[in-house]
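Visitor: Take a look at the letters that make up each chain.
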Amino acid sequence: MRLINRKPGRVLSLALLVVPFLAVLAAYTIASDIRLADNPQDKLLPAPSSIVDTATRLVTTPDKRSEKILFWRDTAISLQRLALGVGIAALIGMVFGMLIGLFPYARAIFAGFVNVISMVPPLAILPILFIVFGLGEQSKVALIAIGITPFLIRDLGQRVLEIPTEMMVKAQTLGATSFVIALRVALPQLLPRLLQSIRLSLGPSWLFLIASEAIAAEGGLGYRIFLVRRYLAMDIILTYVVWITILAFLIDYGLKKLGEKAFPWFGKDGL
Amino acid sequence: MSFVEVRNIAKSYGDRPIISNVNLDVDQGAFISVVGASGCGKSTFLRLLLAQEQPTGGTIRLAGGEPAKEPGLDRGIVFQRYSVFPHMTVRDNIVAGESFNQSWLGKFFGTQLKEARDRAQEVLDRIGLGHMSTAYPAALSGGMQQRLAIAQALQDKPKLLLLDEPFGALDPGTKLSMHDFLEDLRTETGMTVFMVTHDLEEAFKLGDRVLVFDKPSWDVPDPDMVPATITYDFDARDNGIPYQTIRDETNLFHYD
Numbered sequence: 000m001r002l003i004n005r006k007p008g009r010v011l012s013l014a015l016l017v018v019p020f021l022a023v024l025a026a027y028t029i030a031s032d033i034r035l036a037d038n039p040q041d042k043l044l045p046a047p048s049s050i051v052d053t054a055t056r057l058v059t060t061p062d063k064r065s066e067k068i069l070f071w072r073d074t075a076i077s078l079q080r081l082a083l084g085v086g087i088a089a090l091i092g093m094v095f096g097m098l099i100g101l102f103p104y105a106r107a108i109f110a111g112f113v114n115v116i117s118m119v120p121p122l123a124i125l126p127i128l129f130i131v132f133g134l135g136e137q138s139k140v141a142l143i144a145i146g147i148t149p150f151l152i153r154d155l156g157q158r159v160l161e162i163p164t165e166m167m168v169k170a171q172t173l174g175a176t177s178f179v180i181a182l183r184v185a186l187p188q189l190l191p192r193l194l195q196s197i198r199l200s201l202g203p204s205w206l207f208l209i210a211s212e213a214i215a216a217e218g219g220l221g222y223r224i225f226l227v228r229r230y231l232a233m234d235i236i237l238t239y240v241v242w243i244t245i246l247a248f249l250i251d252y253g254l255k256k257l258g259e260k261a262f263p264w265f266g267k268d269g270l
Numbered sequence: 000m001s002f003v004e005v006r007n008i009a010k011s012y013g014d015r016p017i018i019s020n021v022n023l024d025v026d027q028g029a030f031i032s033v034v035g036a037s038g039c040g041k042s043t044f045l046r047l048l049l050a051q052e053q054p055t056g057g058t059i060r061l062a063g064g065e066p067a068k069e070p071g072l073d074r075g076i077v078f079q080r081y082s083v084f085p086h087m088t089v090r091d092n093i094v095a096g097e098s099f100n101q102s103w104l105g106k107f108f109g110t111q112l113k114e115a116r117d118r119a120q121e122v123l124d125r126i127g128l129g130h131m132s133t134a135y136p137a138a139l140s141g142g143m144q145q146r147l148a149i150a151q152a153l154q155d156k157p158k159l160l161l162l163d164e165p166f167g168a169l170d171p172g173t174k175l176s177m178h179d180f181l182e183d184l185r186t187e188t189g190m191t192v193f194m195v196t197h198d199l200e201e202a203f204k205l206g207d208r209v210l211v212f213d214k215p216s217w218d219v220p221d222p223d224m225v226p227a228t229i230t231y232d233f234d235a236r237d238n239g240i241p242y243q244t245i246r247d248e249t250n251l252f253h254y255d
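Each protein sequence line maps, in turn, to chains R and W. Residue 0 is where the first sequence starts when you use numbering that gives the first Met the number 0, and the numbers rise one by one after that. Residue 0 is where the second sequence starts when you use numbering that gives the first Met the number 0, and the numbers rise one by one after that.
Just so you know, the hints here were simulated from the structure itself, not pulled from any lab data. Some hints here could point you the wrong way.
Claimed, not checked - Subject to a maximum C-alpha distance of 30 Å in a straight line, what follows is the list of computed DSS-like cross-link-like pairs (lysine-lysine):
no., chain 1, residue 1, chain 2, residue 2
1, W, K204, W, K158
2, W, K106, W, K174
3, R, K255, R, K6
4, W, K68, W, K113
5, W, K156, W, K204
6, W, K68, W, K156
7, R, K260, W, K106
8, W, K204, R, K256
9, W, K156, R, K255
10, W, K106, W, K68
11, R, K42, R, K63
12, R, K260, W, K113
As the list claims (entries may be wrong) - Restraint-style ranges between C-beta atoms, simulated for each label pair:
no., chain 1, residue 1, chain 2, residue 2, range
13, W, R60, R, K255, 51 to 59 Å
14, W, E187, R, L249, 54 to 62 Å
15, W, G109, R, P61, 49 to 57 Å
Just so it is clear, CB atoms sit at the ideal spot from N, CA and C, and this is done for glycine as well.
Can you build the whole structure from these sequences, using the hints too?
Guide: This is how it looks when you write it as structure tokens:
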């Protein structure tokens, strides 16, 4: 039988899914063992057990001065920045995506401009954001929003244009005005696609978040990682990295489930 | 004056002519089938009738009115696909026929919504979709979707119903029941219908007239530069007889 026709069963599929994770863990453990055997003070690859100890301490022990658990405080701060940045970008993306997708005049005005703007590397204007918005929350939220808005506008504009002409014409024969078509035909069909676009832009969003926190912040997941880097605290860094990965995965999964639940009609029949 | 009046219609895309010299008079209540090979302008002609596109030359008048500039309430349309709104339930697709032009938001609320939904439920019961009213169109079979699309298009009582290969994607059995469905609706409403189809049998069975779109000449260096026009205009009343009797006599095909 050809290899392309051989399929793993359910149980085997699950087992195979775990393999690469275990392999990475095993490779890390072995490397860590070798280094620690050589030098028990090694900080570069702490033993998995000590990482677990550190992680437990991080999520349960309050900071002495602020009496807050910094891990959760960092998480809350970062998630708030992320939500604000992505939320603002989504709102702007929706409005301009609809305008560009629905109205030829708006397309003539904005489409070219957005295409040019989307070529500006967002990190290159981070200093400008710090100058304009200061070092507080605004500059971080702004970086995320500015970073992904052009992509969202282009993507959503394209999604609106992909709505079959047949539906637009049908709505017109039912007497719908441009406004009604926007509100009742384009918008509801754009919402599930918006969730997809947001999921795609979450990767860049995390990148911009951590980059801005690394440079200037007083809290946040990225801030903490770059702070403890000075002490070579690999156990803390790794804990935070794993946590960010889990958060990113959960958000992506949550958005996917939200889409399936809120738009049961979507994805069937190719629409 | 005829109900649909087509005068010297021509349409070209860039320098490529699609149809030209199309003239037609259609009486109110007539069922016109439009057939022809691919690329002979049938669908273009339908889009012009719908006012989805503007002719390069000539005029189309409906009931003596001014030529339309864009699609509107007086022309209903059913396409082969994507004719209903996938994000609305079956019942709300029917309600949209009212709410899209009666509410500035395109949406009914409260008692108005409830009443419109009750009316929609009656429509659905009548066309055999009553049990699917709260499902989404994706859950319907192809034939059911087209029945819904036709019912939706008729919600606003258009002067003219345009069908663009409406049964092209359906299996033969479903197609036959759709023919019955359409003929019943016609008897009921007396509406004027244009139907583009690839199925000659369907064209003669349903139509009062069958228009054939073709290029007057294929024997030229570049047939693409020859616009199509109406080359035949068959009388197909009386259930498409003589066409069907000829078929019965030859014993090639028995149609029950």
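Visitor: Run every hint past the structure and note whether it holds.
Guide: Now the hints, each set against the structure:
Proximity of K204(W) to K158(W) is assessed by CA-CA distance (about 22 Å); at most 30 Å being required, the pair is judged to hold. Restraint check for K106(W) and K174(W): not satisfied, since their Cα atoms lie roughly 33 Å apart, outside the 30 Å limit. Distance restraint check for K255(R) and K6(R): the Cα-Cα separation of roughly 26 Å lies within the 30 Å cut-off, and the hinted pair is therefore satisfied. For a cut-off of 30 Å, the pair hint linking K68(W) to K113(W) is broken: about 34 Å separates their Cα positions.
Restraint check: the Cα-Cα separation between K156(W) and K204(W) comes to about 24 Å, which is no more than 30 Å; the hinted pair holds. Our distance criterion of 30 Å between C-alpha atoms is met by K68(W) and K156(W), whose separation comes to about 20 Å. With a C-alpha separation of about 23 Å, the suggested pair K260(R) and K106(W) falls inside the 30 Å cut-off, and the hint holds. This hinted pair does not check out: K204(W) and K256(R) have alpha carbons roughly 49 Å apart, beyond 30 Å.
The suggested pairing of K156(W) with K255(R) is violated, with an alpha-carbon distance near 41 Å, which exceeds 30 Å. Between K106(W) and K68(W) the alpha-carbon distance is near 26 Å, which keeps this suggested pair within the 30 Å criterion. Straight-line distance between C-alpha atoms of K42(R) and K63(R) comes to about 24 Å, which keeps the hinted pair within the 30 Å bound. In summary, the hint linking K260(R) to K113(W) is supported, as the alpha carbons are separated by about 25 Å, within the 30 Å threshold.
Remark: the range hint 51 to 59 Å for R60(W) to K255(R) is upheld by a beta-carbon distance near 52 Å. Take E187(W) and L249(R): their Cβ atoms lie about 56 Å apart, and the range 54 to 62 Å holds. The given range of 49 to 57 Å is respected by G109(W) and P61(R), whose C-beta atoms sit roughly 53 Å from each other.
The structure fails hints 2, 4, 8, 9 (numbered hints given earlier, in ascending order).
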